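When you get a sec, could you build the whole thing from the sequences and use the hints?
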Amino acid sequence: MSKPTSIKTSEKVRDRLRVLAEERGTTITELLEELASRELTEAEREQRAVEAARELGLQYTEQVQQAGREAWAKIRAHQGGAVA
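Per our numbering, the sequence shown starts with residue 28, numbered consecutively.
For the record, the hints were derived by calculation from the structure and aren't laboratory data. All of these numbers come straight from a predicted model, not from anything done at the bench. Be aware that one or more of the hints could be misleading.
Said to hold, decoys possible - Computed spacing ranges between beta-carbons, pair by pair:
| no. | residue 1 | residue 2 | range |
| --- | --- | --- | --- |
| 1 | V77 | T54 | 35 to 41 Å |
| 2 | S29 | H105 | 34 to 40 Å |
| 3 | V91 | E61 | 28 to 34 Å |
| 4 | S29 | L67 | 19 to 25 Å |
| 5 | A98 | R43 | 28 to 34 Å |
| 6 | G52 | T88 | 45 to 51 Å |
Each residue gets a CB set at the ideal place from its N, CA and C atoms; glycine is no exception.
Below, the structure is given as structure tokens:
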């Protein structure tokens with residue numbers, strides 16, 4: 028098990044994390060671990076895009092990369108998320 032640490036945040040964020048954790052029947056620590064492990068890093072997203080292009084028989088060019096980014100931006104916009 029890793030050594031515990033602390034993260035500074037606003038009271039508003041802390042309170043929201045507490046509610047989310049309670050609703051899921053977990054702790055804030057476990058909720059943060061889940062969220063952190065679920066989010067991909069930029070390098071992980073890029074690697075998955077390369078693998079997906081390969082599976083589709085596409086060469087992963089800058090044009091393919093840009094088209095993918097634009098597609099995800101549109102998807103996020105329709106989901107109410109931030110546009111990249």
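Now the hints, each set against the structure:
Checked against the hint of 35 to 41 Å, the C-beta distance between V77 and T54 comes to roughly 36 Å, which is consistent with it. With their beta carbons about 38 Å apart, S29 and H105 fall inside the hinted range of 34 to 40 Å. Roughly 32 Å separates the CB atoms of V91 and E61, a value that falls within the hinted 28 to 34 Å. Evaluation of the 19 to 25 Å hint for S29 and L67 yields a pass: the beta carbon distance comes to about 21 Å.
The beta-carbon spacing between A98 and R43, approximately 30 Å, falls within the hinted interval of 28 to 34 Å. Between G52 and T88 the beta carbon distance is about 46 Å. The supplied range of 45 to 51 Å therefore holds.
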